[in-house]
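**Q** Dock chain B against chain A, hints included.
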Amino acid sequence: MLLELVASNVTSTAPAAISYTSQDLVTNLLIFVMSTFLGVELIRHVTRLLHTPLMALTNAISSVSMIAALIVMSETTDQTLLILATVGVALASTNIISGFILVERIVRLFKSKPKGKPAK
Amino acid sequence: MTIDPAYILALYVVAVVLFILSLRFMSDVKTSRWGGRSAALGMAIGVVATLLAYQIQRVDLLVGAILVGFVVGTPIALRVATTALPQRTAISQAFGSLAVALVGAAEFYDYHATANTFTLSVLSAEMILGFLTFAGSCIAFAKLQELIPGRPFVYPGKNFVSIAILLVAAGVGVFLVAEPSQTFALPIMAAFALGFGFLLVMGIGGADMPTVIAILNAYTGMSAAALGFVLNNKLLIVAGSLDGSSGFVLALIMSQAMNRSFTNVLFGGVGAKVTKAVPGAVAAQARPVQSLSADDVATILENARSVVVVPGYGMAVAQAQHTVKEVTDLLQEKGIDVKYGIHPVAGRMPGHMNVLLAEANVPYDQLWEMEKINPMFPETDVAIVVGANDVTNPAARTKADSPLYGMPIMNVDKAKTVIFIKRSMSPGFSGSDNELFYLPNTWMVFGDAKKVLSDLAAALKKD
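Chains A and B, in that order, are what the protein sequence lines are.
Counting from 1, position 89 in the first sequence corresponds to residue 89 in the numbering used here; the numbering is continuous, with no gaps.
Counting from 1, position 102 in the second sequence corresponds to residue 102 in the numbering used here; the numbering is continuous, with no gaps.
Next up, chain B with everything else stripped away, as it sits in the complex:
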């Protein structure tokens, strides 16, 4: 059976159109349900077209592999908790990059005798990228799942060692391109690429995970696009580069929101900053702060007309999103205007906080992006900060010597009253003391977020 390749190419065009439409559908919540569906249809068309063009003799293996995909993939997707989405993204990147790396290796063994220098170079680069992304994603998964400590693993000469390992991997890659018959070098290259990916992500702290996940996402896409170049397959190039650019745009948004550059995230030791700042934070505990009980907060809230809630990852850790929703429902019943202000890096991956709140049935039109909510704070009666810290620190605007200086923050300090729910006076990830705590319009409520909020809900119900 021979099929005119023009038909196959036409089917690929349909698949590409569906992929592009699916990303377009994600621009609005209303159309987003079609996003996944149109991409899934595009994928099905792409796979079927490929199967038509390339006859696979071992149908048993093919069916078996796809069955494994169904059996493993379906429960993962249905069972994963929304708080665990970053881990699931990391592990799925590990799967994706391992697939690309293995296929690249198979291609190399198959074609090394006949392939030209260009193909061999792309294959080597693709394998290095695939293996390093695989190791990096595994470590990101382990850190997010808290199988290993989230703090950065730093030692003297860390960057020197990492870069040396990458250079060795690249050097072996160059050797493979020059002497393709020496296939024994391929596992050596793979091992060094794995080692580099391992050390790279080991050196990155938990707070930087949103950026890291996005960068690994970009790498997976780029290696898929590289395979497309090797196989001269247009669909792979388009889909891979769409994924690659998506990862880079998200990584850029994340690192801008944290006031860091890519290189700083990847090679800067955030751990060093934390240790330096701790003595300052201890000393700062002596500074006076004003604190309130949940009952007092209820009284303040009842007299407010507009309230903005600023949630952070601490809210999700305390599993307090449903309690937050209960409090804001009670406020809305009293005719108070409630909005949620979401900082771009709230949560452990891009957009994570929105998903957590949506799951707690907070309608998405109450979720406001930082740039849109910030001008409204001067008009806001009460801002409630739950489980967020660094992203509210006014030092980012005022103190040039602060590690946070220049970072875009939620301007909660401009609200008439700030209620800050927090377990203790400990500093955030950056290690800097939060200037907000000592402002005359700030009231601290000490305690576990969930406990404080349920007390608050009880107090609001009482009146």
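Next comes chain A alone, as it looks inside the complex:
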């Protein structure tokens, strides 16, 4: 069963129904519920100082939807849908790239010791 979890039609490029057993559904629900609870716990412990970079970070992480766009790109035979998916990849990768650069930039602003640097 483990082997079926990732992709039902790894080798096929033709669109096909995604194989979805009720067991998969329950596994996915379990994963969803547990990650939501884990997320709440993790975010509750994030210092308020960093809530702005946190939003940039989670925004970038949620653009993991790029993976979905990649899967459509690989499976579709329709030109219009291929273009839709390509636009999806472009939008998501814009978010991913700008999100991670921005997190790094904001986090670097936080310094602990007062330095003699003149303010810009």
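Certain hints may be false.
[Said to hold, decoys possible] Partial pick of chain B residues on the chain A-facing surface, computed with a CB cut under 10 Å:
no. : residue
1   : Lys30
2   : Gly46
3   : Gly73
4   : Leu227
5   : Gly244
6   : Met370
7   : Pro408
Everything labelled a hint here was simulated from the structure, so no lab data went into it.
In this text, all values refer to a predicted model and were calculated from it rather than measured experimentally.
For each residue, glycine too, the CB sits at the ideal point set by N, CA and C.
**A** Then chain B, alone, in the frame of chain A:
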């Protein structure tokens, strides 16, 4: 080339671990630099694993799309000013939700003939959520960027119209699930979802933007998780639900800090309150207040031992954060203890004020959360309020008829002396008159925050 899916799944596990670690790293400023890096590595692993599992024929399109991401994304991230971070967050949510909505639509067209009812239902819900978040984020961006007025757009029956539009979108969604071959209905559903998102955020005022941004953040995450269910992709489910819960936790913190419920933020007309309160505020101007010049304030500060600065968004609007830092540096040179007290909704998005002050080189160990600074106000000689208003109004504790009643506030009124820097006596976003102005220990300094503070810095240097 066929790769054992177990290897792909193993790579996804690595990516998930890195995502979780990255959020863990954000719990402390010291480890936060690893937050972005580990998530970026996780993302790279997830994307590479997916590319290994699904062969993409059109590599040209793939490379082109990712190049667009680099060319558009890099300058946005490097150039955006810290004051514009809320807008950037809104527009990036618009990108993210549009991507999810488009992919959902592509999935629907591709699989509608063979997919089961469950998949179709999740897809419809996901598209509605994606399109409404896209429209809502665009409006949030336009309001924050001040392309359109920030005040709530209210008209009679506003909530009725909005909910009716959402119900139509949901109804068309149900029809699509029942009759998947009728794909003509998909754009109709998308249009109604877009209309609902548009009206929803149009009806929300500028002061509620921190909550709105957080809620839209949660929606983007949830729609990504929904796509994970459709594609049976674990990584999407985990990453989407981490983002979704993050958005909801932040929205909860924001709405609690404003003493409002989610529904009140989304469907309550704050505009109505403002118009009602204005006559009261005008009448209140007749009440006596004590005002001081910057030179007098310098004398008071020089005799203080502890000072707490309470900044609000007005400070950022006046671009006064560097001047504030200059004043507090001068005070520290004189051996005075300086802290900054940050209210959770100070700024235009969660944590915004901290970033603005960090950029002005205020060390983060001087930034104190409301719950930690409030017990210290009775021991504080001088509290300086710069560009904040409602969050200092003691009516929130005492006056049950005030719209602010029950809202957690900065207890600056308990400090021995309060210096309130403000342009005029106008009320804050809530429209309520600030009781703090009339207290015997409060001294008003009228003027532009930046001007007053630079005068103050000059006066402190003189002595």
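**Q** For every hint, state whether the structure bears it out.
**A** Comparing the hints with the structure gives:
1. Lys30: At about 8 Å, which falls below the 10 Å cut-off, the nearest Cβ of chain A leaves the hint on B/Lys30 intact, so it holds.
2. Gly46: holds (6 Å)
3. Gly73: Cβ of B/Gly73 sits 4 Å from chain A, so the hint holds.
4. Leu227: holds (5 Å)
5. Gly244: holds (7 Å)
6. Met370: holds (9 Å)
7. Pro408: violated (13 Å)
The structure fails to meet hint 7 from the earlier list, while all remaining hints are met.
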